[in-house]
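Chains F and Y, in that order, are what the protein sequence lines are. The numbering of the first sequence is our numbering, which starts it at 1 and goes up by one. The numbering of the second sequence is our numbering, which starts it at 1 and goes up by one.
You may find that some hints are simply not true.
Which bits of chain F does chain Y cover? Going by a derived footprint, with three or more residues having C-beta under 8 Å, they are [what the hints assert, rightly or not]:
1. 107 to 113
2. 164 to 173
3. 182 to 195
4. 200 to 212
Sample of chain Y residues lacking proximity to chain F, with all beta carbon distances greater than 12 Å (derived) [what the hints assert, rightly or not]:
5. K41
6. L53
7. I144
8. I160
9. S166
10. I238
11. T267
12. K278
13. Q293
14. P296
15. V297
16. N316
Think of the hints as simulated: they come from the structure by calculation, not from any bench. A virtual CB, placed ideally from N, CA and C, is assigned to each residue, including glycine.
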Amino acid sequence: MICTMHTHEIGSLAKPEWRVKSARGLKLTPKDIYDAEEWGRKLGIDSQPLISLLKKDKKSSEDLKEIRCISSLYGLRLIEKAGIDIVYDGEQQRSEMYHEAASHTGGIKFYGSVRSFDNKYYKKGACLGQPSFIGAYHLQEFKQIAAMTNRPLKVPITGAYTFGDWSYDEFYTKRSFAIGTSQGRSDRRLARRQFILDVARRVIKPNIEALVKAGATWVQIDEPAVTSHPEEVPLFVESFNASTEGIKCMFSVHICFSDYTKLFPHIKKLKSCSQYALEFANRDSRKLGTKDSDRPGYQVLKLFRQHRIPGAIGLGVTDIHTDFLESPELVRDRILYAVKVMGDPRLVFPTPDCGLRTRSIPIAFEKMKRTVDGTRLAEARLA
Amino acid sequence: MIPLSIELNGTFPRSEALVSATRDFDRKRIGEDELRRILLKQQDSLVQFQEKLGVINFSDGLLNWQDLFRPFSVFCQGIKPVTLTRFADTNTFFRQPSVSAKLQYTGQGISDFFRSSADKKWKATLPAPFYFARVAEDKHYGSIKKLALAFTDVLADLIIDLTKKSYKSFQLIDPYLGYWGANRSEILLVKETIGRLIEKTKASIIYQTSFNCSVDALKMLAETDLDGIGIDFFNTDINAVPSLGGRKALSAGCLDSRTSLVEDPKTLAQFIEQAIKKIKPRELKATANLDLQYVPVPIAQSKLLKLQAAIKLVNNKQK
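Okay, chain Y solo, but in the shape it has when bound (with noise of 0.2 Å):
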């Protein structure tokens, strides 16, 4: 029997209180103790949900992370956020990381960006060394290997310093690899951004796509020692992801996070099953196939629980 759960993937959709306070405190209505407050009471929430869903790995919902590298530039020297870039096909933008001097890990403030506590597993979701070196703008490194190296070290430290945090899982996103694509020597640059973070960290890290990706940069990843590997179902052929052959997590992108249709069970367990017996894995975790950021927070929970059906349509079968 193929153990199933659900995972949270990336950043969960603010409360409408938490939009609201975040537009409050930046008209200066209310002050940074009433935002945190409110932050909270989210966070709280969805660790509630999570609980009700069964998750392992709890994730805090990256719900005051402004995008995905802004914290970096709290806690590792020489990042700084310049221009306000696209992300991928979506409405939302981040702010591009400006790399302007060597990047130096110090740990500074990481509690306010990661929330823990002794009683459970944490889930980190952090960005790919070869996302971050493909969008950052680069003034100090000269190269992209050399770029994405570095920040691999950034990443070891912090994870490091996570693990004593009650950090157990660690997921990185690189929906550069799928929109993008990648040629034969970013393909073997992030093999090796992922072998030198395994080496220094010993971590167990599953490594999120998104979008198409190709077989080659699917079949690599299958080569490495990463715990698992994340795809975007909705944009990417079951047929094209290889078999994980027993040794490997699926985090198996089945939610659309980008419609507001609200999945199926059945449909859903139907694509599990298929998915465990065409790619093998050594588990799978159920998930979305990007952040559910983009559908208001009814919608998210909503998916959720169907998702959350479905494992139990599938477990009842595989008994």
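Bound conformation, chain F alone (with noise of 0.2 Å):
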């Protein structure tokens, strides 16, 4: 059969026990470790440096690093296992997306942690001074990464938008509370543009320099908060613009949990994007068909061809907030019916609706296979 569709998945999977309580200087149980050697034995790794390194009572630096490393591997491992197409490692040595990008920014100081929904949280960093780039922080994880497999690869990075969506502002916006006035709400808008334009070309346009220097050729620019203040989509876009141009890479955005209706017509000025990589699973319903009625959370993609959008779909397949397994047929479904909408199944890259994090190991391989089956279903049925 030939595949004419490309899978990928989008970033993030759980890390660990091994991996987290190590890098918190915690004791590490028997279970821990024999998870470890567990999974090894079932993604083809020799666990025996890991567990050489995991039985250590107390770990250098250069341990942590090390560990760090394996972890990615094992993330990696588990993609490829799964049969996914375009790889990366579940941002394995990463801390959190904007955590680790404002970590790694000069000017922004963490105050606390902020709840995202349920019990999950992000740190949230205020910005003090003018943003600036200390080192391209993706760099090492990305060289690591490319000597570990032949797949291709997709990098994500955190976006200039959803950076200065997350952060406080206390150096554009200084201390002008107006407040019950008009006046204070333009002067906020003009401050966060000045922020935002700034994260992109003084953070996020030099680490994807670095990273297409070193041979990234797909960059995944992640901005989950393009549309949380619709009126800032042309913002967004500015800011994508100037974090991409002149760089020779591709480039793909991936937004969720969003309105994308507020995207259009606005995405039309986007100069370099080749792929726009939506959550849809999450918003649809779990009965197979491909007609409008039984798939409602893929009708936006109406939009895109309605518009005319150049460029593919990261279509989300699998829900990441739910242990639901899709079965491939549903996730069959879900392609032809964006194949349909699209009219080209290069059009359409399967995907889970966002990364894994939330998921178990095991939940989250079984979600990324599901894609892929469901995916070689679709292409059978187009054949």
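Relying on the hints, combine the two individually framed chains into one complex.
Put into structure tokens, the structure is as follows:
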């Protein structure tokens, strides 16, 4: 069978307990060690070097770096074993998408944890000075992963708009508190624009340049916050273009849990975006079928056609916030529906909705595998 | 002299200890008893902090609510949490409530979600019927109006139960009116739900709007029998707010819960004086424009302490 569609993951996977506890300096249990051995065996990895490191009472910073690197190998092999075509490491060496970027940026200070939903939080930073590039924070990770696989890589990187939106700003806004007036709102808007464009030009762009220089060919810019302020979608477009201007690389954008209708028509002005990876399964029905009424979560695809947005779709076909395992047939029908709307299977890249870090490793594996199995079923139907 | 006080608006941030405990609980590193111990510790500390602020109607901070709707799936039949949905323009999400059967209040487990004690007056924070009806997935009622009225009846039963547990004040949260807006018939529906709720409960209810509420909606709220109206003054122009003619309380959202910058007491005091002069409330409850959960605990506390200082400044001038 000819594979016409390529699958990829979006970003994060859960970190194994042995990785988390080592980083936190906590004592590992026999089960943690067993998991490292067992998953090593399942993934065809010689786990002995890792076990030796994990069993050390006192781990040096070099040991911890090595453990993080081995965690990347485990993440990468898990994704490969699931059959995903375009891979990375499940962001095993990173803390969290915002924290990783902000903690490597000059001018940012962290204040504490803020809840995202349920028992999920992120550490929120405040911009206290003009953001500055300290160093290419994904470079080492990229080089290590590139040396571990022959499959094509897609490097996820936090985008400037989300970076700015998820930060407090005490530098650009300063202390202009206008309570009960429209002047305050307009001052805040101007300050946000300056902040976000500075992040794009001074932090994100140099990071991408370093990755491309080291051989990265596909960079996915993660922008989950894009439609949070619908009136600022043009600002996202401006920041995306500023981040990627003049860089020769394939760029895609990942957006999730958002009102995608707000993207139109503004995203027509994105200059170098080849793919839009969006979450859909979370909002879709679980019944089989390829009619409009069967696929309520995918209706927004029509807007991409109506507005003639160039580029492909990264099609979220598995819900990353539940343990419900989509059948390959359900995945197949979601893909077939998308192909029907988009008019060309080459414009559809099946993916999980988002990073799978909130799922256990066995569930994440199964969701990725079903993404692949459903893709192959769809290809067979289309052949 | 206009009575001035501080009230907490909606959900308070979880402490770093509670953040760690909830994560550890999810990963089965600690059990339910340990999580509850840490939760109660932060609740106690929050109550003590409110005592220090001179709060009259105490909030438990909704520290164990996963979102504003989730507890209703416990004490009300017919509601299930489903799709993860972004709340307005924040990076915070809630599970959309899905209504698949007739709503039926059971009261089961309400003590887990509403702390109370006889020595204090408590304030409950609840989703407004219109807000619920607009964001819920309706698989049963078939119209926003029917769903909103059915949820009003659930709230009425809940409020009646809570009044038996030292709850004296009820804050209905409605960001929908301000963020997404409402047409004329929807504004009338809001009015109908408020009338029905007050008729059934006779409770003291504050309708807390947020974002930029329209003049029409604010005028309608001012005409109801609500005890008070809440307004987000970082998004609503003070000139757009109708006079309350000394009949209602103003819950004035004058701390910006979306920024880490801590407000200056003098600026806050000037604003409070201006609000008293222009809006003419019966009393003013100073609060944040949205839930303080958008900033970490130390910042939330700093902001509230500045508000306390501002109120002292205004009270000194009023004397």
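Hints versus structure:
no. : hint       : result
1   : 107 to 113 : holds (count 3)
2   : 164 to 173 : holds (count 6)
3   : 182 to 195 : holds (count 3)
4   : 200 to 212 : violated (count 0)
5   : K41        : holds (17 Å)
6   : L53        : holds (19 Å)
7   : I144       : holds (19 Å)
8   : I160       : holds (30 Å)
9   : S166       : holds (28 Å)
10  : I238       : violated (4 Å)
11  : T267       : violated (5 Å)
12  : K278       : violated (9 Å)
13  : Q293       : violated (6 Å)
14  : P296       : violated (3 Å)
15  : V297       : violated (7 Å)
16  : N316       : holds (20 Å)
The earlier numbered hints that this structure contradicts are 4, 10, 11, 12, 13, 14 and 15.
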